[in-house]
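Student: One letter stands for each residue in the lines below.
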Amino acid sequence: MPAAVGALAPRRSSGFRTAFARRPIVVGALGLALLVFITILGIAAGTVVIAPGDTVAILAHRLLGLDVAQSWTSAAETIVVDLRLPRVLTAAVVGAGLAVAGAAFQGLLRNPLADPYVLGTASGAALGAAIAVIIPVRALFLQFGLLHALAFLGALSAVFVVYRLSRLGSRAPMTSLLLTGYAVSSLLAAGLAMAMYLSGAGLRQIFAYLLGGFEASSWGRVAVAAPLIVLASAVIFLRARSLNGMLLGEEAAAHLGVDVRRERAVLLAVASLATAAAVAVSGLIGFVGLVAPHVVRLIVGPNARLVLPLAALLGASLMVGADLVARLLGEIPVGVVTAVVGAPFFLALLRRAQTGYEL
Amino acid sequence: MIQFAIPRALRPSFAAAHASRRTARSAAVRGGRPTIGLLVATLVLAACAGAPATPIPTTAPTATAQVTAPPATSTPAPAFPVTITDDEGTIVTIPRRPISVVSLTPAATETLFAIGAASQVTGKVEDITPYPPEADGLPIVATYKGTEIEKIVALNADLVIAGGLGFTPPSAVAQLRSLGIPVIVLYAASVNEALAGIEAIGTATGNADAAVALSRAVRGEMDRLAGLTAGLAKPRTFYEIDATSDIYTVPAGSLYEELLTMAGADPITTDVSYQISLETLITLDPEVILLGDGGYTTMADVRARPNWSGIRAVMEGKIYPVNDTLITRPGPRLADGLRALISVLHPEVRL
Numbered sequence: 001m002p003a004a005v006g007a008l009a010p011r012r013s014s015g016f017r018t019a020f021a022r023r024p025i026v027v028g029a030l031g032l033a034l035l036v037f038i039t040i041l042g043i044a045a046g047t048v049v050i051a052p053g054d055t056v057a058i059l060a061h062r063l064l065g066l067d068v069a070q071s072w073t074s075a076a077e078t079i080v081v082d083l084r085l086p087r088v089l090t091a092a093v094v095g096a097g098l099a100v101a102g103a104a105f106q107g108l109l110r111n112p113l114a115d116p117y118v119l120g121t122a123s124g125a126a127l128g129a130a131i132a133v134i135i136p137v138r139a140l141f142l143q144f145g146l147l148h149a150l151a152f153l154g155a156l157s158a159v160f161v162v163y164r165l166s167r168l169g170s171r172a173p174m175t176s177l178l179l180t181g182y183a184v185s186s187l188l189a190a191g192l193a194m195a196m197y198l199s200g201a202g203l204r205q206i207f208a209y210l211l212g213g214f215e216a217s218s219w220g221r222v223a224v225a226a227p228l229i230v231l232a233s234a235v236i237f238l239r240a241r242s243l244n245g246m247l248l249g250e251e252a253a254a255h256l257g258v259d260v261r262r263e264r265a266v267l268l269a270v271a272s273l274a275t276a277a278a279v280a281v282s283g284l285i286g287f288v289g290l291v292a293p294h295v296v297r298l299i300v301g302p303n304a305r306l307v308l309p310l311a312a313l314l315g316a317s318l319m320v321g322a323d324l325v326a327r328l329l330g331e332i333p334v335g336v337v338t339a340v341v342g343a344p345f346f347l348a349l350l351r352r353a354q355t356g357y358e359l
Numbered sequence: 360m361i362q363f364a365i366p367r368a369l370r371p372s373f374a375a376a377h378a379s380r381r382t383a384r385s386a387a388v389r390g391g392r393p394t395i396g397l398l399v400a401t402l403v404l405a406a407c408a409g410a411p412a413t414p415i416p417t418t419a420p421t422a423t424a425q426v427t428a429p430p431a432t433s434t435p436a437p438a439f440p441v442t443i444t445d446d447e448g449t450i451v452t453i454p455r456r457p458i459s460v461v462s463l464t465p466a467a468t469e470t471l472f473a474i475g476a477a478s479q480v481t482g483k484v485e486d487i488t489p490y491p492p493e494a495d496g497l498p499i500v501a502t503y504k505g506t507e508i509e510k511i512v513a514l515n516a517d518l519v520i521a522g523g524l525g526f527t528p529p530s531a532v533a534q535l536r537s538l539g540i541p542v543i544v545l546y547a548a549s550v551n552e553a554l555a556g557i558e559a560i561g562t563a564t565g566n567a568d569a570a571v572a573l574s575r576a577v578r579g580e581m582d583r584l585a586g587l588t589a590g591l592a593k594p595r596t597f598y599e600i601d602a603t604s605d606i607y608t609v610p611a612g613s614l615y616e617e618l619l620t621m622a623g624a625d626p627i628t629t630d631v632s633y634q635i636s637l638e639t640l641i642t643l644d645p646e647v648i649l650l651g652d653g654g655y656t657t658m659a660d661v662r663a664r665p666n667w668s669g670i671r672a673v674m675e676g677k678i679y680p681v682n683d684t685l686i687t688r689p690g691p692r693l694a695d696g697l698r699a700l701i702s703v704l705h706p707e708v709r710l
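Read top to bottom, the protein sequences are chains A and B. My numbering numbers the first residue of the first sequence as 1 and each following residue consecutively. My numbering numbers the first residue of the second sequence as 360 and each following residue consecutively.
No lab work stands behind these hints, which were simulated from the structure alone. Among the clues, some could well be false.
Short derived list, chain B residues pointing at chain A, Cβ under 10 Å [what the hints assert, rightly or not]: (1) Lys504; (2) Gly525; (3) Ala531; (4) Gly539; (5) Glu552; (6) Ala555.
In this text, a Cβ means the ideal position worked out from N, Cα and C, and glycines have one as well.
Extracted from the complex, chain B is given alone in its bound form (with noise of 0.2 Å):
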């Protein structure tokens, strides 16, 4: 859910929403660890937003498909109205089935029409990495300044799922609820929570037999293939959300962690606000360095980096990009992520 429409410069602070429910309540209470330098951030998201995404080099293998939905006929007619409980807590009613979803996270707009939901969906979030092709059409009714109220009562939208942890503003949940709109809040911390996610997608759209269907499949694949990195050694890996100025890399108990993990890797990790010090990393010396922000960051950018020259990932030459969209969606592609995070640090695995 990170890779919405949201300047780079900005990421963190919206990779921090997707922390755990719990860590980030409790971090919030005693007061986390600081993020000020997002102010900045904040301040020149104008300047970045407008440049285009640079596509990200993967390793990964092409095929993303392999985790496919049955066909939407396959569901019988779901009983509406349904009831949910959103991530947030709010208990959610969804009178008839809907005819026109809104989704304002890339994770729901993948996940949607990965559910054989697509006919349904009236409306989207701008996502500067767009997936899949279909959806390039719909008619984008939010960015990163902001919802577009008026747009989306336009579409006469009778369900709308928005994101967690102030990624769609809260102020703007509020006030499509105030105008009778259904809205369900998601986000993810795991791989659980993002299959929950899909579940309840596929519930509250009137597709939930194609929506179980693939997260089994997607869960089914994932297993399969933390199971072939089992027995392997785990390198001490740093994963390089940004770096621009201060150095941000995966809170634990984050969906990034959890993938690192079931890819074979012993990832560094830090509190809830992404943050960490040179000094820290240099310490933890790792033996692997995965660029996340392989779109403007090259190899050659962290060699010229001063007092990273030590660190034995530098020294080696295990620097790699990879593309975070697939890790960090909470969505259908995450075992494409999880293969392209194995085929990097386990080349030598068959996948």
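So here's chain A without its partners, still in its complex pose (with noise of 0.2 Å):
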């Protein structure tokens, strides 16, 4: 992957910048080239080996309805079309919708430092995980268990009590969000430390929320999900223009006719959602909602009417090859492999862009 990005960003850094700023096209362009390349070795590769001519042939019979005479084994295709695909597709629609909100995060808050799980989310949500799974109740609906619709409710209960709380009396909403969250996702964590303690045999399965993964990917679970992260995202994408005026401020938004207080509440509101929607699913992966919309911001400037978009692709891939490194590598943690793979390359990039960054 640093290979392919790597050709995004050329080593002699001093005007690549403002000359992909300038063709944007260009750089959408290769970001779904590589999505693209990253989403067929994701369905190609894994524990089974499956021809690559069998792999394209059963997507092309499945998919595309094309008649083509049937050369695989009936577990084959089931690997294929039940398990990868979506497995691709939940990675991927999680990867775009964490750093969509990364980005708007990042914006709204005018903090590089922000990524999807700053107010509160992920605490939230991996308490109502761990609740979840102390509650000994089984009962699976659309394939969800209970596991899901507590992270879920636990993610946005997090960011709703944060925003509520750091509305009490101040002068300065951004900052006073933030460290509402921090507040916040303190005290959750403590509440998440004494449920894993009293979990007993529940441990593991809290640990691997924890940790995060697709290896439990559907399209049940695909069909819930990805609607809401597509919509929240897309929410974000109309809002652009917003985003850049809050940029310049709160004040200069406010001149450039940005209804701040609305926005600002939309916005939140539609990024915890995309972000909730992608924790309930995978449990909590780090990084990749961080890196990919500086990434971007390198690559093509602060513009969010690219910076968006772009950031989407960039952290599908990001997030699909996370995923299919993990599976090689025996199923390990994703989180493990977007931490490993995201913070020295984030380094890097932060070392390259010589020229000064600012969100």
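Dock chain one against chain two, each of which comes alone in its own frame, and use the hints as you go.
Tutor: Here it is in structure tokens:
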């Protein structure tokens, strides 16, 4: 993956940013090509070897309805269509959603360290999931268990509480929001620690959720999570202008005719919705939501109209790639892969951006 | 079932998976007792995973085949489809006699081979103390890291036998079922539940008669052995599951406790957390210490532990390693485990 993105960010950094900023279409096309390439790799590879020809034939047969002579086993078809395809799609959608939400949070809070989890979504979801593991109910609805439901609700409730608390008599709403998010997260983390302490045999399940992963993906889950994430991302795309305004500061944004209060609330709500849906299906996977927007900004500059869709593409590629690596290494946690790949990569990019870097 | 491919450090959490369902549930609701130390254990799991299982010295008689199932040919063609209610209460229908059975617990692997279903088994879970040897060549489709659904699908599995209470990840069970593969989830907190599990596997695979015969044979042998210890003095016994950092022992209402009691011991028990404090242990002053962790803990280690020297079993040198695989695996070798315990606790008894 570093090699592929390295193509987008050549070593001679002076001027590459402006060069690409003037050619967003080129960057977009490259990003799309990267995503398609990694997606195909993700479908082709796995613990069971399926010939690439068979993989393509199965996809052509099932997705495009082409009349291909069947040369594969029904097990291979199940693996490709019912296991790998939903898995890769979930990873792509979750990666894209986290990247878009991350870009929105970074812009809204004007803080480069913001990520989708900054306002308590992660700790809220984790606590919800841990409580679900402790409650001995095993019902499944649309292939979602109590764990996913409580993780989703936990993430949304945490953000809601943070938002309400931060509005209590504050003059610097964004700073207040960040600090409230930090405080509430700490409290929820204490709750999580307590829940893990009490969970007994369920500890492994909680731990697996905290590390994140896509091995339990299915069409049923994609069908519920993907529309939520895509819809929320679309709403954020449509508000790129407001995000650009807010980058200049709230006052400047107001002068530009942005209804700051309303736009802020809407953006926070939909970005949190995308994050909550993502963490509910895949657990807590760090770094993609933080790194993808930054990488895109380093390449094309800060214009949200470009940053948001490109971050979605890159986030999706990163996540599918990370999941592929995780699978090939024997189902290690995806969060470990994203951190191991993401952190040094991010540092390297920051060092290359000699021109100085602002949001 | 505890003795899967699980690093030793993690065992207590899996042992907890075999507390009785009732105990586990009520404890979960009121919030059992500490196991957070296991988080650390989970973190070091990668480090321990590669360690080969050290053979555990056992004083048990080597005859392990006292309980033998009748040949499978005595099983008449069973009526499929069969419907089974598994240990989680899920009703599972198996449409045809399975020809590709995947075993996700070591106990199920042993049971399948013991009831003459060997030819139907196509995949198994990793097992650090593999048994029987005939199962060695089977492809491994699950490890402590997780269940490889793709491999199970590639085997065209038409029956999967999974472990309960989180032993097999619940998400894997749900995923397999969503692909139309019948999954029965089994766990046992008592000898009766273990034997019921054997019979369930028999019914599910079309080897019901052999399974019933096996479970009766095991029951008969265990009753006979328990009878031998009935009138004997019962030494207060501490069964050590692990004491590398925190001390773990057997919970009340577990398979362990039942076997120790049948073997003529008065076991020191704890709650579903499996944890016991050193203070409690010193106060209860065990007369015998059984090292279920004997693969990596010796009598010298126990003697060297600070503050253990005043315990009676330590002073008298009554510290014995036991083969915990035999004792904790709710499968066809339970009687062997009981025999091993008796030979340590009551060496005077002629088995």
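Student: Could you run down the list of hints and mark each one as holding or not?
Tutor: Hints and how they fare:
| no. | hint | result |
| --- | --- | --- |
| 1 | Lys504 | holds (5 Å) |
| 2 | Gly525 | holds (5 Å) |
| 3 | Ala531 | holds (7 Å) |
| 4 | Gly539 | holds (9 Å) |
| 5 | Glu552 | violated (16 Å) |
| 6 | Ala555 | violated (20 Å) |
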